[in-house]
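Student: Sequence:
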Amino acid sequence: MVYFFGVSLGRDPSLVPSPLVGRPAPEFALPELLEPNATFSLQDVEEGPWMLNVWASWCSGCIVEHEFLMALGRAGAPIYGLNWKDGHEDAMEWLQLRGNPYRAIAVDADGRAGIDWGVYGAPETFLIDADGIVQYRHVGPLDGAVFTEVFLPVLEGQTP
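The sequence shown runs 1 to 160 under this note's numbering.
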């Protein structure tokens, strides 16, 4: 037991494998946070590679990565949000306080879409290429090093 615990502590939690990598992004049709009468689905994503960031107002790691996401959003990065297991008012207040880096935000209040994506915590960020194939899953707060090394080449149209 002590050996297992010690080995687990040495692992990088952001390197959790995902069965989605190399497969088409799972479909969903969910309410749009900022327009509750509208539905957001993968068909609404603009052409080209993009990122799906799973976040919630109760998520402390989401606060850690948020300024970085805001900078990416200001620079034109194609970031879409999946508000996961959160309340509408809480999510709206969180965005009003911190800003909105997303092009659109799907609401996954019951977590069912998150199950399809293999989400088990927030934040998580998925990188999807121009063909709709999941190329990478990052668990935990996204930062400049991971973005530059992994996300940027795909977003710029280079093959992974």
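If you are wondering where the hints come from, they were derived from the structure by calculation, not from laboratory data.
Keep in mind that the hints are not guaranteed to be accurate.
Okay, derived cross-link-like pairs now, EDC-like style, lysine to aspartate or glutamate, Cα gap no bigger than 20 Å in a straight line [unchecked claim]:
no.	residue 1	residue 2
1	K85	E47
2	K85	D116
3	K85	D131
4	K85	E46
5	K85	D143
Pairwise CB distance ranges, derived in the manner of DEER restraints [to be verified]:
no.	residue 1	residue 2	range
6	G48	R74	32 to 38 Å
7	E93	G22	25 to 31 Å
8	R23	Q96	31 to 37 Å
9	P26	G73	32 to 38 Å
10	H88	A130	30 to 36 Å
11	A145	A109	30 to 36 Å
12	N37	D131	16 to 22 Å
13	S60	G144	15 to 21 Å
14	A145	A38	20 to 26 Å
15	I115	G87	18 to 24 Å
16	G87	D131	30 to 36 Å
17	I63	G111	18 to 24 Å
None of the values given here were measured: they were computed from a predicted structure.
A virtual CB, placed ideally from N, CA and C, is assigned to each residue, including glycine.
Student: Decide, hint by hint, whether the structure agrees.
Tutor: Against the structure, the hints come out as follows:
no.: 1; hint: K85 with E47; result: violated (28 Å)
no.: 2; hint: K85 with D116; result: holds (14 Å)
no.: 3; hint: K85 with D131; result: violated (28 Å)
no.: 4; hint: K85 with E46; result: violated (25 Å)
no.: 5; hint: K85 with D143; result: violated (23 Å)
no.: 6; hint: G48 with R74: 32 to 38 Å; result: violated (18 Å)
no.: 7; hint: E93 with G22: 25 to 31 Å; result: violated (38 Å)
no.: 8; hint: R23 with Q96: 31 to 37 Å; result: holds (36 Å)
no.: 9; hint: P26 with G73: 32 to 38 Å; result: violated (23 Å)
no.: 10; hint: H88 with A130: 30 to 36 Å; result: holds (32 Å)
no.: 11; hint: A145 with A109: 30 to 36 Å; result: holds (33 Å)
no.: 12; hint: N37 with D131: 16 to 22 Å; result: violated (31 Å)
no.: 13; hint: S60 with G144: 15 to 21 Å; result: holds (19 Å)
no.: 14; hint: A145 with A38: 20 to 26 Å; result: violated (36 Å)
no.: 15; hint: I115 with G87: 18 to 24 Å; result: holds (19 Å)
no.: 16; hint: G87 with D131: 30 to 36 Å; result: holds (35 Å)
no.: 17; hint: I63 with G111: 18 to 24 Å; result: holds (20 Å)
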